[in-house]
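*Asks:* With chain A held as given, fit chain B onto it using these hints.
If you want the building blocks of each chain, they are given just below.
There are 2 protein chains.
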Amino acid sequence: MMDYPLLLTNFMQHAAKYYPGKEIVSVYATGTFRYTYADWYKRTSQLAGALRAFGLQKGDRVASFSLNNHRHLELYFGVPCMGGVLHTLNIRLSVEHLVYIINHAEDRILFIDEDVYFLIEPFKDQLKTVELYVILSQSGVMPQTTLSPVVLYDDWIKGYPEDYDFPVDRDENDPCLICYTSATTGDPKGVVYSHRGLVLHSFSTGFTMGIQEKDCALHIVPMFHANAWGAPFVCTLCGMKQVLPGRQILDMASLCRIIAEEKVTFSCGVPTIWIMLHNYLEQGGAHDFSCVNNFFSGGSALPRHLIESFEKKYGVILSQGYGATETSPVVTLSIPKSYMQKLGTDEKIDIRTTAGLPVPGLDVKLISLETGKEARMDGKDMGEILVRGPWIAGEYYKNPQQSAVTFKDRWFHTGDIGIMNPEGYLTLVDRTKDLIKSAGEWISSIDLENAIMGFSGVLEAAVISLPDVKWQERPLACVVPRPEAAKTITKEDIQNYLKDKVAKWWIPDEIVFLQELPKTSVGKFDKKKLRATVLPEVLKNRDKA
Amino acid sequence: MMDYPLLLTNFMQHAAKYYPGKEIVSVYATGTFRYTYADWYKRTSQLAGALRAFGLQKGDRVASFSLNNHRHLELYFGVPCMGGVLHTLNIRLSVEHLVYIINHAEDRILFIDEDVYFLIEPFKDQLKTVELYVILSQSGVMPQTTLSPVVLYDDWIKGYPEDYDFPVDRDENDPCLICYTSATTGDPKGVVYSHRGLVLHSFSTGFTMGIQEKDCALHIVPMFHANAWGAPFVCTLCGMKQVLPGRQILDMASLCRIIAEEKVTFSCGVPTIWIMLHNYLEQGGAHDFSCVNNFFSGGSALPRHLIESFEKKYGVILSQGYGATETSPVVTLSIPKSYMQKLGTDEKIDIRTTAGLPVPGLDVKLISLETGKEARMDGKDMGEILVRGPWIAGEYYKNPQQSAVTFKDRWFHTGDIGIMNPEGYLTLVDRTKDLIKSAGEWISSIDLENAIMGFSGVLEAAVISLPDVKWQERPLACVVPRPEAAKTITKEDIQNYLKDKVAKWWIPDEIVFLQELPKTSVGKFDKKKLRATVLPEVLKNRDKA
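Chains A and B supply the protein sequences, listed in that same order.
Note that my numbering numbers the first sequence so that position 147 is 147, with each residue one more than the last.
Note that my numbering numbers the second sequence so that position 306 is 306, with each residue one more than the last.
Looking at chain A on its own, in the form it has when it is part of the complex:
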């Protein structure tokens, strides 16, 4: 066969040539912007021309600091297809981490959403490699900013030809994007994605999800979270209508309006979004989901009751996926097999409560914590999840020390503990470091959190380990009550509720009520922070008692 490389360029040009009239929709606070793949390709070509004129060399990094909008989608293809590498910055990172990763990646240009440029200003002097700031502006007005030199994106790209000669004779292993993991310990670690990896990830996930050109995607998951889970690439691959909601992702009424007006058929998002959306619906929020086929959730496990309520009360299928920044990110998807379709609704929800089945193209195995051998697919045997495949990272960017720990024996060691049932569906038990060992038995902090969150008076719950002389470790529950229950809820209410939900020795002796839970930049419970703040208080009080 020909030595022909797998490049995102093929996706972009396929869409522009065969689906030139299909729409890309970008929603701003000031109104909705629409254009076609043909126009998008022209502007992406102009962007490539501007990058070349700037002097961007093959492999050079430029960074985006932006929400989901049409200019960000131009960067997603224009930068990698002309030869550069797009570094997507999580806008919720701490200043310390932002400075570290921009300097570590040696980003030459920063493309900044006009809504958030002021977040960069305070630390601009610490950025050692940035030569130019480009404002992604829908208003067309240059903000009063101390960033310098600074230009407006549209001014910067205009004047370049609308058909760039994107190279196709290049290495498919060339880097195209880079994303840093949200470090819970140590410095953030960079994961470099290749054209080859993202092309294959798109084919496998698109095929498995059964999405098609006729679908319409709403990109809720931020484009700075592991390539927006690859969705913009799959959608472009098949010439699908794409909707980019910008800041509207935190406004559930707007989100529901967009879904209904644009006839959205699927969307990907973290549990935080689905919990917010569910609260909005429970309060009688207006919505019309008749066009929706499927919502996909990932990042952390969804509570079962949420999946159930979405399906039974609002007629929407919520499926889950599992993955990590290191895995491009999709590893598994919780789609029932055809012969499971005859199961009852509750049994199908059981399946969608799991993290799902590995997608084709990957190898997944579980290594028992006890024996070090491969765990059985019996729905009971626990093990650390190991993954390998063409869209799985083999190292961290310029970080041999962490790479050696995480990518041993040519497998990615996820640090997640799972069990796999005989059908191959994976259930996440915990992070290796969050699992609680009480009197020699494992307690899954995630399972216990989900059980607690099943109680009507509870909004959110996180469980961490409490050192214990007698039992080695005991679970400590940090609970945020629902507003209406805040004044009345007691520790005993929760303990009583759990009695027939979990094993007796899982029931936490210590329950702390908080007004909110600290979250990481990707919306997960920040247990590191809980251990640093709540745990000392509890230990102090226990010592007093």
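Simulated from the structure, these hints should not be mistaken for lab results.
Covered, in the sense of this in silico footprint (three residues per stretch, anywhere, with C-beta under 8 angstroms from a C-beta of chain A), are these stretches of chain B:
hint : segment
1    : 11–20
2    : 354–361
3    : 390–404
This structure is a prediction, so every number in the text was calculated from the model and none was measured.
Even for Gly, the Cβ is constructed at its ideal location relative to N, Cα and C.
*Replies:* Chain B alone, transformed into the frame defined by chain A:
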């Protein structure tokens, strides 16, 4: 990203691990055989063990001479995944070509269907490299044969372990199958498929066709025709039920029974099959197509009236594909885009009358015969179809001379003439060598054939070029009448019928009636043979007149 190879091994093991209970069904004259992917994997492992014990080295070729059955599906994966190369022999090839390609490929083992072993016997002494004959036998009885040494497949593989240690640390560009083109001129040319090429072909075509694990495939297209168009690989990739119909493909009543009983949802086949099936239906043949989503046709263009009749009378969607042995084979698929769904039935049939839209992952362009430049996508500008991509051959096996002609400038020059409409749908006009140039204007032999086959009294028609002093070339139509019209049909009937169907100067002056048309080993009209037999007769008669 990890350096992890794309191998068919992943498809096989994914199906065995995650869909162990899904069925593979193989239909024999003596009854239907059923087993599961789990059992198939065990036997495929045993086959690999037997091949290793035989001494098959990496890259060594073995050949299959067989219809579609479950042992052939074991060969499809067992041979390539253990490191060998499967050479699929077209059982309809001439002795001369069979001897040539077996010797040219240096096949070490011949796996032969028990129904056709006697076809090999007459020329066994001319096979220079075959060390062993293995009979694929469902009866379990060794036939009385002069082939030697000879064993029964099931006896040969039994006793080997049911879990072979298939290598995964190997080059994805390793050859896995080889197929020779049915040569219309010169010796047959070998096309070597790689693991990488077939994995990517599977992802792109499966994704585009929208097929899923819930589907059920009936493999009508022979497994010796360009990898059965890749269908066995796509189906295994998603753990789909597969039905292998063996000799039943020429018996329309059996085929219809299998479709209904096994709940077949899609099938791929050449026009000959769909014409036969249509005749069977028109004669009131029993059928139940309620389970069928789509039939796919390829190899040569389907007459429009057939697509129309299948849809309007029998409720079945017939879609077309275009490709060649050199292209793994799918290049285009005639699936309407989502916004075309609102079109009327006839307009959608217009779309499915084309060869279709290029599948993602390939580059397709048309080079004008007149200007040598890229043809416009305007539905009028004709050009030779050039293709490149990861599942397109870059050369012929050990044939530098033909390779240099066909694979110039890193594009595959198909020798087919096409036009592309503004939506990207390709219509085949003709083979470069079959196009007729009359008074400086092109006549498509294919279009003219389809017009003639639209006449009720005509079963089949092939058009070739007739040298002409005045017009340079004129079309000569070779027509097979339907049995009921054989005695009454006249040249004038057809000429009158064509009057409002084609341009006046397209209407053939010469029409010859034949009892049947010669066909190539892949079922296409053999125009080479018509030129050698019919043309001299016509010229002789013309000279006399």
